[in-house]
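Undergrad: As a plain string of letters, each chain reads:
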Amino acid sequence: MVKMNWKRELDRNNHQVVLSGQPVAIHCHHYNINLQKTLEDTLGEAGIQLMYKSTEEAAYHSLKPLLAQYEKLKTVKSKLEMFAILYQNCGLGIIHPQNIENGTGLVISPSSHHVTGWLAKHGRRNTPGCHFTCGWLAGAIEAIFGKPLGTYSVTEIKCKMMRDAECLFKIEEC
Amino acid sequence: MAIDGEKIIHAVMEGSRIRESKGIIPLFGVYLSIFSTRYYNQLSFNFQKQIHPSREVEAERLLIKAAQECGYATFQGVRNSWEWDEIVKPMIESKEDQIMGFAAVAVAFGWGDLVVKQLIPDEKLVIRVNDSYEAKGFLDLHEVTKTGKCFMLRGVTAAFMDLLYGDGYPEGCFTFSAAEPLCRAKGDPYCEFIARKSSY
Chain A
1 MVKMNWKREL
11 DRNNHQVVLS
21 GQPVAIHCHH
31 YNINLQKTLE
41 DTLGEAGIQL
51 MYKSTEEAAY
61 HSLKPLLAQY
71 EKLKTVKSKL
81 EMFAILYQNC
91 GLGIIHPQNI
101 ENGTGLVISP
111 SSHHVTGWLA
121 KHGRRNTPGC
131 HFTCGWLAGA
141 IEAIFGKPLG
151 TYSVTEIKCK
161 MMRDAECLFK
171 IEEC
Chain B
1 MAIDGEKIIH
11 AVMEGSRIRE
21 SKGIIPLFGV
31 YLSIFSTRYY
41 NQLSFNFQKQ
51 IHPSREVEAE
61 RLLIKAAQEC
71 GYATFQGVRN
81 SWEWDEIVKP
91 MIESKEDQIM
101 GFAAVAVAFG
111 WGDLVVKQLI
121 PDEKLVIRVN
131 DSYEAKGFLD
141 LHEVTKTGKC
151 FMLRGVTAAF
161 MDLLYGDGYP
171 EGCFTFSAAE
181 PLCRAKGDPY
191 CEFIARKSSY
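For the record, the sequence lines run as chains A and B.
Numbering-wise (this note's numbering), the first sequence opens with residue 1 and increments by one.
Numbering-wise (this note's numbering), the second sequence opens with residue 1 and increments by one.
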């Protein structure tokens with residue numbers, strides 16, 4: 001079982017909030033969803049890709065040093081477990097990786113910040129909307145498997161923003 | 001009684017360590033998330049790059065608008081929350097003290113070291129930030145530029161005034177607008193935001 005000292009990991013450096021030593025910001029669903037809607041409405045598919053890539057890169061660069069810090073974690077399962085705890089502790093939601101082998105596989109998310117926020121602000125949508133989670137999963141899997149950014153692609157197959165029962169993500173090698 | 005920022009920071013840090021079974025952080029009347037400043041900076045600055053060069057000003061306007069709407073809704077939620085009632089309200093003696101409370105919450109959220117330099121009721125708000133994550137993030141990746149880059153804080157400064165002096169929620173958003181005459185991304189020693197009544 002992964003043990004994470006959350007009180008130590010989430011701390012302050014004067015006015016900065018730091019997570020495992022790296023600067024983070026606390027934002028609410030109003031801002032996160034407003035940003036998503038602005039990008040989608042203005043740039044369309046390019047806006048979705050921008051959100052995906054920005055999340056992938058930020059997650060990758062945040063999670064890689066964290067793995068180095070928790071070097072006792074040797075197995076993929078334990079690393080995935082820690083990342084799922086981190087995702088939850090950051091208020092991003094719940095993720096359940098399913099048989100992730102060599103980086104590919106499925107992830108189920110029964111709840112998330114972006115789903116809750118989107119539904120609260122805009123209600124149901126007709127296309128999958130968890131671009132943030134897709135990018136986050138790609139960056140996380142690349143960090144765990146020691147692969148460079150862009151190695152994996154994550155597609156959302158089912159989405160609670162479309163009123164599916166849960167969000168379902170498919171991770172594949174590019 | 002002056003607003004005790006440390007008390008607010010403590011409440012946010014403790015509250016953001018509480019998570020419920022769905023992995024959501026409900027605090028101060030909103031759902032909070034904790035994520036790398038790098039993400040927010042990449043989104044903003046690359047959005048500006050990706051939009052056609054002739055629309056760069058429009059990109060800025062959209063980012064500021066998104067932040068102002070967010071600030072307006074967020075701090076409306078904040079000031080109607082039980083946490084505000086418990087922690088901040090007892091320190092508030094005048095209507096204007098709310099702005100000090102908002103700024104302290106923004107500091108607690110890790111947006112920068114906001115200091116209210118001037119507040120003329122219903123007219124003008126000046127906020128100074130020595131270390132905005134937006135300006136710092138810009139300078140980490142780019143050369144000094146010609147225009148301010150703290151779109152989020154610019155929108156939020158105006159939103160603070162909207163909430164105090166605009167029409168009742170939700171009609172008062174965009175009553176004020178803010179400029180950023182000084183920004184570290186431009187080589188200035190600090191960032192400064194000035195909100196005044198919108199001209200439209």
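Don't read these hints as lab results, they were simulated from the structure.
The C-beta atom is built at its ideal place from N, Cα and C for all residues, glycine as well.
Do not rely on the hints blindly, as some may be mistaken.
Below, a list of computed lysine-lysine pairs in the DSS-like style, where the Cα atoms sit at most 25 Å apart [to be verified]:
#: 1; chain 1: A; residue 1: Lys121; chain 2: B; residue 2: Lys7
#: 2; chain 1: A; residue 1: Lys7; chain 2: B; residue 2: Lys7
#: 3; chain 1: A; residue 1: Lys77; chain 2: B; residue 2: Lys22
Facing chain B, a subset of chain A residues (Cβ under 8 Å, in silico) [as the list claims (entries may be wrong)]:
#: 4; residue: His15
#: 5; residue: Val17
#: 6; residue: Thr38
#: 7; residue: Leu73
Undergrad: All the hints need checking, so say for each whether the structure fits it.
TA: Here's how the hints hold up against the structure:
At most 25 Å may separate the alpha-carbon atoms for a hinted pair to count; A:Lys121 and B:Lys7 exceed this at roughly 30 Å. Restraint check for A:Lys7 and B:Lys7: the C-alpha separation of about 17 Å stays at or below 25 Å, so the hint holds. Proposed proximity of A:Lys77 and B:Lys22 is supported: the alpha carbons are some 21 Å apart, at most 25 Å. Hint status for A:His15 relative to chain B: holds, with the closest Cβ pair at about 4 Å, below 8 Å.
The criterion of a C-beta within 8 Å of any C-beta in chain B is met by A:Val17, whose closest approach is roughly 3 Å, and the hint holds. Of the supplied interface hints, the one on A:Thr38 holds, with its beta-carbon coming within about 5 Å of a beta-carbon of chain B, less than 8 Å. At about 20 Å, the closest approach between the beta carbon of A:Leu73 and any beta carbon in chain B exceeds 8 Å, and the interface hint on this residue is violated.
Violated hints for the displayed structure, listed by number in ascending order: 1 and 7.
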